[in-house]
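*Asks:* Each chain, letter by letter, is given below.
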Amino acid sequence: MADYMLEREETDKRASALVAPLNIQKSPKRSPSRASSHVRQSSSRGTISIKSQPHSHSQISPPLTPRTSREGLPHRQPAQPVFHNYLRAFYHFHPTSTVSSASTDESSITVPINQGDVILVHSVHPNGWADGTLLASGARGWLPTNYCEAYDHATIRNLLNALTHLWDLVRDGESGHLVVFTKQDYVRGMIAGVRFFLERTQCLTRDSALVLAHVGLRRMRKGLLGDLSSLVKTAKKLQETLQSNQAPVPVFEQLDELVLKAFKLVTRAVRFLDIWAQDAVSLSFDLGDATNNRPPTPPSDAVDPASVQQPTTTNQNDHGAASANGDDVSVSQTSATATATATATATTEELNSVATHQPPRNVRSSVAFSIPSESDAMQSPLLPQPQGQANRSSVAHRLSYTGKSHGLRNQDLVSERLNTAHDSFLGFIGSFIGLHLQSRSSNELTFTTQQSVIACRQLLAVVEQVWERDARRSEQLEQARDMMYARLTELVQATKDMFSASDASLGDDVVMPEAGKQLVAAATSCVRSAGDCVTRARSVIERIGDFEFETVGLGLSETMFEQIGQDAQRETAEEPAQPTRLEPAIETEKPLPAPPTAHRQLPPLIISESKPLPEIPLPSPPEQDGVGLQPVVPVAVDSPTAVSFRSSRSSLPPPNHLPTPHLPQPNPSDHSQSPASATQRFFPKSVRIDSVNASVTDSNSTFRYSMRGDTASIISQPSTRATTPDRSPAKKHSSQTLVGSFGSVSELHSLASEDAADAAAAAEEHLLETTYAHELICNKDGQVSGGSLPALVEQLTTHEATPDAMFVTTFYLTFRLFTTATELAQCLVDRFDYIGDTQAIGVPVRLRVYNVFKGWLESHWVGESDSAALGIILTFATGKLRAALPGAGKRLAELTSKVTEVRGGALVPRLVSSLGKTGVSNTIFTAADTNVPNPIVSKSQLNALKANKEGKAQCSILDFDPLELARQFTIIESKLYCSIQPEELLALEWTKKNGSKAVNVRAMSTLSNDLANLVADTILLLEDPKKRAVIIKQWVKIALKCLELTNYDSLMAIICSLNSSMVLRLKRTWELVPAKIKARLEELKVITDVGRNYAVLRQRLQDHVAPCIPFVGIYLTDLTFVDVGNGTTRQLPGEDGSDRLSVINFDKHMKTAKIIGQLQSFQVPYRLAAVPEMQEWMELQIQRVRASDQSNVQSYYRRSLLLEPREVPQVVKASPPLMDSGAQSTFSADSRILSKDKFEFLGFQFHHANSKDRSI
Amino acid sequence: MAQREYHIVVLGSGGVGKSCLTAQFVQNVWIESYDPTIEDSYRKAIDVDGRHVILEILDTAGTEQFTAMRELYMKTGQGFLLVFSITSMSSLYELTELREQIRRIKEDDHVPLVLVGNKSDLEEDRAVPRPRAFKISQDWGDVPYYETSARRRANVDEVFTDLCRQIINKDQREYDRRPAKTKKGPKNRRGRGQREHRIHCTIL
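For the protein sequence lines, the chains are A and B, in the order given.
For the first sequence, position 180 (counting from the first letter as 1) is numbered 180 according to UniProt numbering, and the numbering increases by one without interruption.
For the second sequence, position 117 (counting from the first letter as 1) is numbered 117 according to UniProt numbering, and the numbering increases by one without interruption.
Only chain B is shown next, with the shape it has when bound in the complex:
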């Protein structure tokens, strides 16, 4: 494989807890003090289906108001986590625009994406019905939908793993396409990937 380092961009409006999601994922449990200013702060090695990959996560939390910067961030990403808060409907709507922007900048309609409804621990404040979010994820082209709780570290790793799996599959497809177009392998791979996504959609 040509590349084992994948770039993931975490997007979403302010206050949806996406930084918390990233911090939870990146942070080692035994580190007492977290310093986000060093180069490796957002790198993490994970295993996806037996593959060892390094994820570099770009989470520009705090700079949501720098709308002009978004494309710069998006350019670097191979996969995107689109995060909203289940307690805020508007945070979900804002993702639609972001997704459009991603499609544009990537000039690709099948960019690996995961839709994430965060703050699932605040069920009593839920403003986004689960079917609603799920519907949107379907409309986006069968994008996996997860509900996470960064605070309780629920589904955090799963989200990143799923996205990473999508990137790997896509990577593999492109890799396979290049040498011989008639190859049969990719079909299967893709099919499997999609099925997995569907399964994951229901995971909470």
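In isolation and in its complexed conformation, chain A is listed as follows:
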């Protein structure tokens, strides 16, 4: 048969692109385990006997084990398996026994799927079965992937992603993480998804041409919005429940409801897309060459050429090919059968049967075809699959499946493995490095080295598996892996070197430090490359799906042991080959992993590898009795719903504990079939399978995917027989569950009352707010870390909850760094426009827009840069805002004029710090407070100060109490510190050389310098070392008092000066300073230590409450590095690099604002009484120091040298001859310090000459 051969050839080619492991069925005899699994599967209620099934399978299935089929496959196929979060059923699948009764065995639940069902996939077992949740019903169970194809389309992708996200959130919520649900933000993604979807389909507004022209789309659209509104309502309800602190039980039910609503919404969107693709698009779009892009592989073509096939199978394939080609003998047979069936059905429901054709294999292309320009997405195979053997040896999981909730983690998932392997590697290598930095005993060394190497190997093995699994063979990962491998080799080599060295030497326990260093170096670079490798591996996992890791035997590491210390040469030579040797070890020797029976989060898979995938239904089954095709009487009515999608919470809830999803009551009228009800949908559909077969042979070309058929039937409205999950807008359904609401009679009623529905739909359209939620990035803590301006503005004016205070603060403070006032104003106005004026959303958002303007004008207005926006704001206030909210418009208009009048300073004192501290504007001494301590100043002291002012006498710091001096300094400092405006700290304003606006920051640094100079000056002024020592003592006391007052700025200045070279070198003076004082000074030095990034100082500041004057320099450095070390933009996370959008890196601004907030949190005036006389005197002293040309460091140093010349003896003792030889030529012009300079010079010469001498 030439045709047959042709077909076979094609099949071979296609086999590479297969969606799932196909035809991997074993003959009954070969797989006793399979038989047992079926026994388990069978239900007492099953109508088809257990034994009949193997029989039927033997008829259709070739005796192929997964292994043999794999062997036949050529190595490294070009196919690119990608893990798909969503599948769409391509065939009906109604297992003979859906469930064994839930109570006895929950694990083997297979979920019946109908053609067109969309499934959220949680994991995929290597045998091709997937653990998935049906969106149509919320039922969760195992389903054959070969019945499905990937569902992913740019139009609906956002929505699907949002659904996945929601699912994960709910799963987290079930384990107690409910915080997220107290805000409504989490449904925003869904809204944005719907919006994006409608936008892409050009059905965003009711008036769009497409919607007007197409009745079906109009209805679908209405329904979609109804679903959305219902979802939002549920979310709101949940939010209220949580806020009212009710018991957690109803929350779980609401979570269920939430998910079901979301499912329903997406299901409808999917159908919408079907109609759109089929009809609407063909009206307005040119499908062009979409037909050429048809995905090549119908699942049933997957016949392994290398394997031995049973005649029946061949025959079947033959049939398949024939029916598609339409020229085989069997066609007549097929059509004959089919026609018979068809006529049976056609009599009663001809229209419907035509509408719901079951596709034959090849017609699959029509699905792709139905969605233009997306065929590429359809073409990619579903699963990480048949490349090498290793590829399918484990279950693939959705990456998010691993979840954030800690309790639910599966240790075996590769992502987890990767993490643990990396952690343990870091642990070992950390101790390895640590050990080498300290003591080295060769035993310990050997041990840690081995441990590190083993850990590294394990990590490599995981990475290797990831790489193996990924059909694209990520080059980046490969490079990273090779790099890491090279590093490991170096490490091993270094170890070996060391050991051979130690062997050569006599003492075994002596380890050469040089070798140790090499080891550490090798280890460090190993750590680095491991980090890189892990990052790469993660991104690959994200793409291909998480999967379960096979334990790789430690055989690898054992070889490592051999390497160390032994036969170094040989091993080194062989080593690079290691990674490739890894592979066979995994593949050949490992049996397929035991099915994941112990999963807590999914119904464990008892269908082991031996459980074959069901055969793809064929157009013309030879078995007319239909056993093979399983038109099966439903076994357990409750099965689909019983398999709660909440199965993540525990295993599966026992039936009596089942929450809301009620069992659908058998509906007396079979008109409204609930698809969620297994009972109702099984029968008619299974009948239709045959009818489809018939129609296929009749009309191959006009074949429509059944989903489309369904919707088409809606359009024409001839039949009430709904075959789809939901075809009517569900605006008003109040039923608790999806099951109840779908296809309920009441909805059909509501559909009838068109007018009311129209009105309702009109209102609901507002639900579909324009949103930029997809342009927002949040970090792990839920804080906004990036976003486009519209997205940030949206966050600022969200209607659901009061915006995060820190966010708002940051925004006001920093927006000028990433946008202009004009842009912001325009963006706010746009937000006002697009949100509309609905009561529920529009009005609150509009009020918030007004509030943002108000807050801006009142408290955050910077005339210089913001006045450009005044025009826009005024126009807005007097125009749109006044029209919508007259009062607000008036107020805003007033504010705009006020802002222009008031120059400098905010209209209303702002509360910039999120800590909500009081403003800066208060005067330092508000009133004669009782708490203010009395100044420690005597009459005579005041008199002395007066006399000093009049020039009659001199005062010294020794004349006053150290505490009072510290207080007065603190008051002066505090005044400046509290005046620092946040604007001074933005964008390195204070570092600007010309025209810096950071006047207060500048003044702070000047004051700090002045104080330090004053300290030096007072000390160096005195000739007598004793007197100098007394002054030093006084300053130390003042410093201690500053510390008591938590005035770190003054403290730093004083300590700096006491620590400076000019003071510190006065050895004679220091000898006279009491030991006690020196000890206190040492304590202070520890506090002001700049090491470890001011660790001590930072720690202390954390414990302080205002008032306090921190050392401003820390903040300035932090702000500088935040500015320099963080980019201005960041990229939106996206699938492909090409269309990733760069948005504002708000994280950077948050960091900036956080630092400024810390600074501000201390901006509280001290409750201290000023002594004006003393402050005046201090000012005077500072002025004096500043005015004297002595104030620079060099002159102080000279003075210091003058007072206590360099100690000659040391120099002389060290190298006496040099004194004479070098000193003659140059002398300072300054005669005063001539001798000292000479000494200095000589000292210099000494060192220089000395070193020169050494180098020669």
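These are computed hints drawn from the structure, not numbers from a lab.
Note that CB positions come from ideal geometry on N, CA and C, so glycine has one too.
Be aware that one or more of the hints could be misleading.
Selected chain B positions facing chain A (in silico; Cβ < 8 Å) [claimed, not checked]: (1) S19; (2) Q27; (3) Y34; (4) D35; (5) D47; (6) G62; (7) F66; (8) A68; (9) R104; (10) I105; (11) A127.
Not the full set, but computed from the structure, chain B residues with beta-carbon under 8 Å of chain A [unchecked claim]: (12) A23; (13) E39; (14) A45; (15) G50.
Cross-link-like lysine-lysine pairs, in silico, DSSO-like; alpha carbons within 30 Å at most [what the hints assert, rightly or not]: (16) K1154/A <-> K993/A; (17) K1067/A <-> K1037/A; (18) K780/A <-> K44/B; (19) K1078/A <-> K75/B; (20) K75/B <-> K993/A; (21) K170/B <-> K75/B; (22) K975/A <-> K1085/A.
Got chain A sorted already, so can you dock chain B onto it with the hints?
*Replies:* Chain B only, in chain A's frame:
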């Protein structure tokens, strides 16, 4: 060796991009968000000639106006990066004073130093001719001179490595001197160190 942790101080007037240099050096490439407020923000382990050392970098960028604080910073340093911008002659001149201060506070004329002309990517705005800067570095006692571009991450690691090498060599010299003054080892080490410096002077 007694000490494997070395303290490096980065100095230079404001606006020469020294913080950028430090951030580039310290930052891990795969960290998306840089937080300078934690203790380890300025620590980095590097390998210099097969030695594993930890560098703690003190860069007080932003506090240039707190001139009185300088000595406090300098006290902690074992090696210094003196950074200027090749687009500003004054930024080079200001380093002279800083170097004097370092010599004073360290009471040592051979403190490990590297002179760094940053912003080499802004060649069109160059205000400091290369020979000029090189001359100064020679006058300072054969101090290595590098031109870097923190923005393009050019020569960043090299600068730190060179400085670190100097510190290690110095450390080694002092270490060797202590047990026996007649040791011959240090001579060679030093000689090698100096030669290396000369070579590096021309690297851009």
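*Asks:* Hints first: check each against the structure and report whether it holds.
*Replies:* Cross-check of the supplied hints:
no.: 1; hint: S19; verdict: 5 Å, holds
no.: 2; hint: Q27; verdict: 6 Å, holds
no.: 3; hint: Y34; verdict: 4 Å, holds
no.: 4; hint: D35; verdict: 7 Å, holds
no.: 5; hint: D47; verdict: 4 Å, holds
no.: 6; hint: G62; verdict: 4 Å, holds
no.: 7; hint: F66; verdict: 5 Å, holds
no.: 8; hint: A68; verdict: 3 Å, holds
no.: 9; hint: R104; verdict: 5 Å, holds
no.: 10; hint: I105; verdict: 4 Å, holds
no.: 11; hint: A127; verdict: 15 Å, violated
no.: 12; hint: A23; verdict: 4 Å, holds
no.: 13; hint: E39; verdict: 5 Å, holds
no.: 14; hint: A45; verdict: 6 Å, holds
no.: 15; hint: G50; verdict: 5 Å, holds
no.: 16; hint: K1154/A <-> K993/A; verdict: 26 Å, holds
no.: 17; hint: K1067/A <-> K1037/A; verdict: 20 Å, holds
no.: 18; hint: K780/A <-> K44/B; verdict: 26 Å, holds
no.: 19; hint: K1078/A <-> K75/B; verdict: 18 Å, holds
no.: 20; hint: K75/B <-> K993/A; verdict: 27 Å, holds
no.: 21; hint: K170/B <-> K75/B; verdict: 17 Å, holds
no.: 22; hint: K975/A <-> K1085/A; verdict: 26 Å, holds
Of the numbered hints stated above, the single one contradicted by the structure is hint 11.
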